[in-house]
Amino acid sequence: MKLPILCPSCQSKLKVKTLSCEQCLTKVDGNFKMPVLAGFPEDTQQFIIEFVKNSGSLKEMAKTMSLSYPTVRNRLDEIINTLKTIENEH
Amino acid sequence: MNTNLMLNPFTKIAGFKALTAGVIGMLVAGYISFYSNTHFDGVLNIHSGLIAPMWIHLLWPFANVAFLGIWFTLFGMVFSQSKIRIIDIFGTQAFAFLPLVPASLMGFSKSIERLTEKLIGIDPKAIRMDMLPLNDLLMVMVIGLITITLTVWSGIWIYNGFKESANLPHKRVIPVFIIGIIMGMILPKYVIGHFLLN
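Chains A and B, in that order, give the protein sequences. Mapping of the first sequence onto our numbering: residues 1 to 90, in sequence order. Mapping of the second sequence onto our numbering: residues 91 to 288, in sequence order.
Bear in mind the hints are in silico, worked out from the structure with no lab data behind them. Some clues are possibly wrong.
[As the list claims (entries may be wrong)] Only pairs whose alpha carbons sit at most 27 Å apart, straight line, appear in this in silico BS3-like list of lysine-lysine:
#, chain 1, residue 1, chain 2, residue 2
1, B, K253, A, K84
2, A, K59, B, K173
3, A, K59, B, K253
4, A, K53, B, K107
5, A, K53, B, K173
[Unchecked claim] Examples of chain B residues toward chain A, derived with CB under 7 Å:
#, residue
6, S172
7, D178
8, E254
9, N257
[As the list claims (entries may be wrong)] Okay, the calculated beta carbon distance ranges per label pair:
#, chain 1, residue 1, chain 2, residue 2, range
10, A, G39, B, I160, 37 to 43 Å
11, A, V16, B, M273, 55 to 61 Å
12, B, K102, A, E89, 33 to 39 Å
13, A, E78, B, I160, 24 to 30 Å
14, A, L6, B, G234, 52 to 58 Å
15, A, Q11, B, I264, 28 to 34 Å
16, B, N92, A, L6, 30 to 36 Å
17, B, M167, A, K84, 20 to 26 Å
18, B, F106, A, L6, 40 to 46 Å
19, A, N31, B, V168, 43 to 49 Å
20, B, T110, A, K84, 35 to 41 Å
C-beta atoms are modelled at their ideal positions from N, C-alpha and C, and glycine is treated no differently.
Just chain A, with the same shape it has in the complex (with noise of 0.2 Å):
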């Protein structure tokens, strides 16, 4: 299921209010900012996490995607950008 980061009424950032334990049903009540990253969208943040796993190569991470280098430089420029934009928004 995909995590809603949006208000569906008016479109604010949604922040976590309750996070519970699966295994005695425990339940926290808050009001948690959510992680930055859990605002991309699931490819993005798979792109993420190829990323750290081949240790910030850019080379390694064109070949296990099957993309070219600037395809993935690309990407990543981009997912720059938008941290940038979120930091500036805070």
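Following the hints, put chain B in place on chain A, whose structure we already have.
Okay, now just chain B, sitting in the frame of chain A:
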């Protein structure tokens, strides 16, 4: 091969691999064009009827790609927000020449020659359809259509190669591309035609 890759193979290939494939394509096209008297006199330009030394035929595709490579690298370095690699720009531009390789065969058709001979010296206003051999006319039209298709295809690859390898903002890609193509049609033609052919 899916449509996206037909129009933009550069999500999958760039850099040294693309450069190697492009260089092989240019050598093959240059070699064939010597025997077919075809020449690539400028970016996206293909003409038939030139009798010149082999090295001129070989040089022309390289000159065109080199011009585009230099032009796109210069603007890529100035305007791109990414750390671009020269090998990607030259590689993608060399690869973008590949659709034009089959066009080097067009000069083998004698139809263009026969039709040209028929038309030479005739007042354009006096030309009637029944004066022209139908078979040759059809063949020239088919060759023309194929050549236009290959040229458009190569043009799309030049654009996408530049966009992918230089990662410029959209508003900058289009003018740099258009001016590059226009200058690439004129400059290599002028330099080789003026300094090496005369």
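Evaluation of the provided hints:
1. B:K253 to A:K84: Holds. K253 (chain B) to K84 (chain A) sits at ~23 Å (cutoff 27 Å).
2. A:K59 to B:K173: This hinted pair holds, its Cα atoms lying about 14 Å apart.
3. A:K59 to B:K253: OK: K59 (chain A) and K253 (chain B) at ~19 Å, within 27 Å.
4. A:K53 to B:K107: Within the cut-off at roughly 25 Å; holds.
5. A:K53 to B:K173: OK: K53 (chain A) and K173 (chain B) at ~22 Å, within 27 Å.
6. S172: holds (5 Å)
7. D178: holds (5 Å)
8. E254: holds (5 Å)
9. N257: Given a least distance of 5 Å, the restraint on N257 (chain B) holds.
10. A:G39 to B:I160: 37 to 43 Å: Given range 37 to 43 Å: holds, Cβ gap about 41 Å.
11. A:V16 to B:M273: 55 to 61 Å: Given range 55 to 61 Å: holds, Cβ gap about 56 Å.
12. B:K102 to A:E89: 33 to 39 Å: holds (35 Å)
13. A:E78 to B:I160: 24 to 30 Å: Cβ of E78 (chain A) to Cβ of I160 (chain B): about 27 Å, so the range 24 to 30 Å holds.
14. A:L6 to B:G234: 52 to 58 Å: holds (54 Å)
15. A:Q11 to B:I264: 28 to 34 Å: holds (32 Å)
16. B:N92 to A:L6: 30 to 36 Å: With a Cβ separation near 33 Å, N92 (chain B) and L6 (chain A) satisfy 30 to 36 Å, so the hint holds.
17. B:M167 to A:K84: 20 to 26 Å: Holds, since M167 (chain B) and K84 (chain A) (Cβ atoms, about 22 Å apart) stay within the stated range.
18. B:F106 to A:L6: 40 to 46 Å: holds (43 Å)
19. A:N31 to B:V168: 43 to 49 Å: For V168 (chain B) against N31 (chain A), whose Cβ atoms are near 47 Å apart, the range 43 to 49 Å holds.
20. B:T110 to A:K84: 35 to 41 Å: holds (37 Å)
Figure legend: structure checked against the earlier numbered hints; every hint is met.
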